[in-house]
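Peer 1: Okay, here's what each chain looks like letter by letter:
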Amino acid sequence: MLESLRRLGALIQREMIQLLRDRTTLGIALAIPFVELFLFAYAVDLTVDHIPTAVADLSLDDQSRALINALETAGYFDMDVYVADEEQVIRAIDAGQVRAGVVIPPGFSAQVERGNAQALILLDGSDSFTVQSGYSAASSIAQDRAMELMVKNTGRAGSRAGSSGSNLSGNLPISSPIRILYNPTMDDLTFIVPAMAGILLQLLAVNLTALSVVRERELGTIELLLITPARPMELMVAKMVPNILVTSLAMANIVLFSVYWFGVPFQGDPWLFAWLSLLFLVSGLGLGLLISTVAQTQKQAQQISMLLMLLSLLLTGFIYPRAPMPPLVQAVGNLIPLTYYVRIVRGIFTKGIGLTYIWNDVLALATYGAVVMVIAAATFKKRLD
Amino acid sequence: MTERIVICTQELVKQFNTRGGTVAAVDGIDLQVRRGETFGLIGPDGAGKTTATRVILGLLRRTDGRSSILGHDSMDDTYAIRACVGYVAQQFALPGDMTVMENIRFFANVHRVGRKERRQRIPKLLEFAGLDGFTSRPARLLSGGMKKKLALACSLVHQPQVVMLDEPTLGVDPVSRREFWNLLGILRAERELTIFVCTPYMDEAERCNRVGLMYRGKLIAHGTPAEVKGLVPGRLIEFTPSDFDRAMALVTGLEGVLEVQTYGLMLHVFVDETATRQQEIQCALSAQGITCKGMGEIEPGMEEAFIGLVRRARDSQ
Ligand SMILES: Nc1ncnc2c1ncn2[C@@H]1O[C@H](COP(=O)(O)OP(=O)(O)OP(=O)(O)O)[C@@H](O)[C@H]1O
Ligand SMILES: [Mg+2]
Chain A
3 MLESLRRLGA LIQREMIQLL RDRTTLGIAL AIPFVELFLF AYAVDLTVDH IPTAVADLSL
63 DDQSRALINA LETAGYFDMD VYVADEEQVI RAIDAGQVRA GVVIPPGFSA QVERGNAQAL
123 ILLDGSDSFT VQSGYSAASS IAQDRAMELM VKNTGRAGSR AGSSGSNLSG NLPISSPIRI
183 LYNPTMDDLT FIVPAMAGIL LQLLAVNLTA LSVVRERELG TIELLLITPA RPMELMVAKM
243 VPNILVTSLA MANIVLFSVY WFGVPFQGDP WLFAWLSLLF LVSGLGLGLL ISTVAQTQKQ
303 AQQISMLLML LSLLLTGFIY PRAPMPPLVQ AVGNLIPLTY YVRIVRGIFT KGIGLTYIWN
363 DVLALATYGA VVMVIAAATF KKRLD
Chain B
79 MTERIVICTQ ELVKQFNTRG GTVAAVDGID LQVRRGETFG LIGPDGAGKT TATRVILGLL
139 RRTDGRSSIL GHDSMDDTYA IRACVGYVAQ QFALPGDMTV MENIRFFANV HRVGRKERRQ
199 RIPKLLEFAG LDGFTSRPAR LLSGGMKKKL ALACSLVHQP QVVMLDEPTL GVDPVSRREF
259 WNLLGILRAE RELTIFVCTP YMDEAERCNR VGLMYRGKLI AHGTPAEVKG LVPGRLIEFT
319 PSDFDRAMAL VTGLEGVLEV QTYGLMLHVF VDETATRQQE IQCALSAQGI TCKGMGEIEP
379 GMEEAFIGLV RRARDSQ
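Heads up: the protein sequence lines correspond to chains A and B, in order.
For the first sequence, position 188 matches number 190 in the working numbering, and the numbering has no gaps at all.
For the second sequence, position 204 matches number 282 in the working numbering, and the numbering has no gaps at all.
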C-alpha cells in the first residue's frame, strides 16, 4: 500500500510537471469550453430579443394597443409588419419576412372587461431558439398584463374579490394561446445552458485522459512508463489526478460565467452541485481512459470522442426528451455519463431541488463511474500489445 | 551453475498478427546470458532484436516458449523483473518536456529509491554520464548522444543487476559511441553488471564477451566473437580490381572460391587455400585485362563472418 502510494506520488508528479510545462495545451483546454459556451449562448441571446413580428390587430382599441405596446417595449418583439388578419400573419412567417406573429381578435377591450380576452401569438417553429425565447417572453408578458388587469378588475368589483378570490389564475381575463408552428416542444434557455456546460465538460474530460495516454503511446514514452514497477491502476490514477484539477477549474469557470454573465439563476446547493459535478468529471475522465485502451492514435481517439459528443447531443435528454425513445436507444444513452448529469444539473442548478429528488440519478452516476473505472483498469494494458 | 545464468530463453516465439497473416518476429530462440558478461544480440534491421528484448522484459506477450531474467518468468513475474532490470529503449522514450533532473528523479522515485541513496546516486550518475552541467535542460533539447546517456543514467538509478540496451548508440557520433562503451566497461568492472545489448554495428559486437547472431527471428550463430568468426570456413583474400563488376562475376565462378563479398570498392574473397588461389585469381583477372591492387590475405572480422553467416542462412531457408 505504502509502496503503491510512493509510486503513485512519482507518477502524479511526472504528469503535473508535463501538464504545467505545456502551457499552450493547458490554456486551450481551459479556454475551449469557455469559448464554446460563450459563442453558443451569445448566438442564442441574439435570437432572443427583437424577434421580427407581424401584427394583425382586429380591434384597434385601447386594450389591444396596450398589449402590443407591452410586447414591444419588453424588447423581445419588434412589430415590423402590420397586416389585416391571421392568414396574412402566417403568410409573412412562411415567407421568412418575420419569425413571430400576434393576432388580436375584434372587440378586445370589451372581452378584457368581461374577463375572457384572448390574443394569439404565433411563433416560427423552424427556429427553435425563437420558439423558446418567444414562448417564455410572450407568456410572461401576457401574464403580467393579465395580472395588471386582474388587479383593476378586482379593485372595481370591490368586496366580491375578498370572498371568492381564491383562484386567481382561473379568473385571468387575458389568455394567450400560443401556437408554435412546425416544432412543438422546446426547453427553456436556462435549461440549456447548464446542460451545455455539462456536455462541454464531458468532452474536455474524455479528451484530456484519452489523448494523454494515446500521446504517450504515439511518442513511445509509454514503453519506459511500462518498464517501471508501476501497476496499471497507479498509472490510471496518475493520469486522472491532474486532469481532475483542470476540469474542475474549467467547470467552476463555466458555472460562474453562466451565472454572472448570462444571468442563468443558480437555485440549488452549491456544495451538492460541486460534489456531484466532481463525480461526473471523474466518470468522464474514466471513460477517456477506457477510450485510450481502444484508440491507437490521437486521431482515432478524437473520432471516438466526436461520436460520443454526437450521441450526447441526441440521446442524453440534453435536447430531445428520452422518454419517447425506444429502449435500445435509451440503453445506449445510459452508457454516457451526461445522461445522468443532465437531470442532476437541471435539478440542482435550475430547479434548486435537493438530493432527495435526484438520488437515483446520483446513484446511477456513481455506479457508472465505478464500473467505468473497473473496466478501464481491467483493460488498461501493462504491456505494449 | 544455473544461477550464473541471468537471462534465459527456450524456444521463445513471438508472432504478430498483421493483415497479411501472422509474422514470426522471434521464431524459437534459445539464449543464455551469464552473470557479469556483456552479451551482444546482433542482426540486420528487422531481424527481431527489439521484439526479442521486449518479450524477455515482459513488455510484449510471448506466443510460445519460455523466457526469464534472474529466474523471474517474463510473463508471470513481470514486476519482479522491473525491480531488478534497467532498460534503454531503441528510440528516445523520455518525456521531452521534463528536464534531465526531473527525468532521473522520476525513475528514482518510482523505484522507491530512498532519499539518502537518491542524493548520493543521482549526482554520481549524472557526472558519470557527463550530464552534470545540464540538469535543468529539457530532455528534448539534448543532443542525440546526451539523450542516450540520460536514458542510460535513468535505467541505472535503481541499481539494477541487469541492463538491456536496445541499439544504445544508434544515431550517435563515433566519439560519443566510444564514450558510451567506456561507460559500460566501467559499470561492468565496478559492479558485475550484466549487460545485454542489441546492435547492428560489428565493432560493437567485437566488444562483447559473447554474441548471438539473429536473422529473421532465428538465432543463426552464437558464441564468443572469435568462435563466431571461426564458423566461416576458408581464408580471406582482399583486393581492389580495376573493373569491379566483371571481376566479381569472374571470381565467383572460379574453383576453390567459397564466397565473394563486396567491401566498398574492394572484393573480399573466401578461398579454401590462400597461396594457389591467389595466383589463380590474379591470372584469371589479368587474362580479361583486369588489374588488381593490394591483393593479400587478411583476418576475417565480425563483419565478414556476419555477412557470410547471414547469406548461408538465407540460402538454406
Ligand atoms: N507491432 C508489430 N506488429 C507487426 N509486426 C511487427 C511489430 N513489431 C515488429 N514487427 C515486425 O517484426 C520484425 C522484427 O522487428 P524488430 O523491430 O524486432 O527488429 P529489429 O531487429 O529490432 O530491427 P531494427 O534494427 O530495425 O530495430 C520486423 O519485420 C517488424 O516489421
Ligand atoms: Mg530494433
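Wrong hints could be hidden among the right ones.
[What the hints assert, rightly or not] Derived contacts from chain A toward chain B, CB cut-off under 7 Å, selection only: (1) 8; (2) 12; (3) 17; (4) 18; (5) 20; (6) 25; (7) 219; (8) 220; (9) 222; (10) 226; (11) 229; (12) 230; (13) 234; (14) 333; (15) 383; (16) 386.
It is worth saying that the hints were derived from the structure and are not from the lab.
As the structure is a prediction and not an experimental result, all values here were calculated from the model.
Every residue gets a Cβ at the ideal spot worked out from N, C-alpha and C, and that includes glycine.
Peer 1: Check the structure against each numbered hint from earlier and tell me which ones fail, lowest number first.
Peer 2: 3, 4, 6, 7, 8, 13, 14, 15
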